[in-house]
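Engineer: Chain by chain, the residues:
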Amino acid sequence: MIQIRWHGRGGQGAITAAKIFATAAFKSGYTGVVMAPTFGTERRGAPVFTSLKLAKEKIYDISPIETPDIVVVLDHLLLTEADVTGGLKERGLMVLNTPKPLDSYDFGVERLAVADATSLAVEAGLPRGVVNSGVIGILCRAFDIVPFERVLGEIEAEFKTKRPQANAQSARLAYERTVVNGSPTVADADDAGAIAGRLGADLVAVVRDPGSAVSGSG
Amino acid sequence: MHVIENGNVAAALGVKLAGVQVIAAYPITPQTPLTEKLSEFIEAGEMKAEYIPVESEHSALAACIAASSTGARAFTATSANGLLYMHEQVHWAAGARLPIVMCVVNRAVGAPWNIWNDHQDSISQRDTGWIQMYACDHQQIIDSVLKAFAIAETVSIPVMVCYDGYLLSHTYMPFEVPEEKQVKRFLRPFKPHYALDPQNPANLNTVTLPDVRMDVEGEMAHGYMEFRYLLQEDLRQTLTIAQEIEDRFTQIFGRGGNALLEPHRCNDADYIVVGLGSLTYQLRDVVETLRSEGLKVGVLGIRMYRPFPDEAAVEVLRRARGVFVIEKALSYGYEGALSSDIKAALYGCRGDGADAAGGLPGDRTDVTQRGGPCVDGPFVRGLIAGIGGRDIRTADLTDTLRTAITGALDDPGWIGLKI
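Going down the list, the protein sequences come from chains A and B.
FYI, the numbering used here numbers position 157 of the first sequence as 157, with every residue one higher than the one before it.
To get the numbering used here, take the position in the second sequence, counting from 1, and add 218.
FYI, nobody ran anything at the bench for these hints, they're computed from the structure.
The reader is advised that the hints may include incorrect statements.
Here are the simulated lysine-lysine pairs, DSBU-like style, with alpha carbons at most 35 Å apart [stated by the list, open to error]:
no., chain 1, residue 1, chain 2, residue 2
1, B, Lys399, A, Lys56
2, A, Lys56, B, Lys255
3, B, Lys402, A, Lys56
4, B, Lys266, B, Lys402
5, A, Lys27, A, Lys100
6, B, Lys514, A, Lys89
7, B, Lys399, B, Lys266
8, B, Lys636, A, Lys58
9, A, Lys160, B, Lys266
Okay, the calculated bits of chain B under chain A, using three or more residues with CB under 8 Å as the criterion [what the hints assert, rightly or not]:
no., stretch
10, 390 to 401
11, 499 to 506
12, 605 to 619
Positions of the beta carbon are idealized from the N, C-alpha and C atoms, including for glycine.
Using the sequences and the accompanying hints, generate a full structural model.
Structural biologist: Okay, structure coming up:
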């Protein structure tokens, strides 16, 4: 099972982002999908998080994630407000929307992927502050289990009445300009599950050549 | 078509597919998004129904009672204190034999104020004469709404479709939305035995005397007790009818199977955990863990809680050594209501030991005999969990059950209690 925890602020669209990624994963064979938001205390602007579990089989346990494989942070200012790394596995992946360069951070995890999704969203033609589509781009670059074109299709479908093209472009720009460190593993996206099984690991982050990923980060 | 949506949307899609004609509801967390979605469907013209925005839950069910009395397919939904506020009308709807369907998005009741999940709200309505179904996932929510109307309109008894607040109502998971064409095959238009008609005015459910009496046409009319006896008889009969409807559903949609119970790995189980709702699915992973340690455990989800499927439950449980009932509600001052129900059902059962001995003392050879002592049947232990939305950690469930099986569990058996 792959466990992803999404941190954002109330109203920032973390649930929508998780839902888009989950839908694309579901259509790519991850028939087990459970996405649980923090319950009951959502307030606009306050730190919130959403748990997403993905598996090839139906998931029966809907209890919250305690030890995520991946943490996605929609707003780098949350790093001081919420315990975003809580329970994150050592071999895990941190996905962060930040204007700061990669080497400003040390989360003590194996992999880190960053891009300035906030600025890139504006470049894509979105109003300032719309970051959720961009963050999906960062995640897809660092964790390649779903064809990115399919994810873009889901973004356009989800935002069909709210600038679908600009949202897809925002994700595309973030995908292209994501900087990833950590150990690159494999590039065969279709086989991520099989590889995870062979390595006996819960997760294999499929990272493309990190050298080529470094391009024009903010 | 598969969609990934939350449980409230699953319920709303079921209501839309069921061709509900009148909806009256008052918003309350965590039910609110369900009623919002329904009003969106109607506003967008996707659903042809009258939405009556009322000023209270009491009025919501009163409006549904009126609508159903005129022969309309009626729906409402609520949670917690909203359900309690309509309590008088809850009894009335069952007594009046109106096939209303209500979603109860399970939430703790105040005081103290709490908006999170437990089962105290619907369990406290168990004696009202309604049928109660509990869903474990979104597929069961949407399917249960359709089955609920079919059952309600067949037996003329209202149905509550209960599902866990937040845990299901606000959690997203994939489910299949049934085809409209298939739904039309499964759920025929509502044709009431009797409907109010302005051209032919009548009083319904006026004062009914303790004894039977001649009516104006010279026929013997029921007294109150006869009406109530028939409600009880028809509820007991519903156990059979619900299964027939389930079979028809399975034939058309290829899903489902057991209207009353959902046993998982119970056939060879020494210990069986019993519960309601999403908890019983979470317990499946616990079962796997404990089985990997050599403990033969199974889980039994009760899908229909009222009428209570006592005989079917006993058939699953009687050969086990022990039964653990985990509940998110209490009959305060005694124990969890489901624990009492399970114990009562097992009273008079014949357990594995009796089977092995090849007979029973006193020439009793029947499988179950009501009113008699339990012969070598399982012990029953009640456990309380998740009150007021307290996280039910899978690891805690596993630890508690492991300890309980080895007999080392101290009272009071509240899982996750920090006192």
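Engineer: Identify every previously stated hint that the structure contradicts and give their numbers, smallest first.
Structural biologist: none
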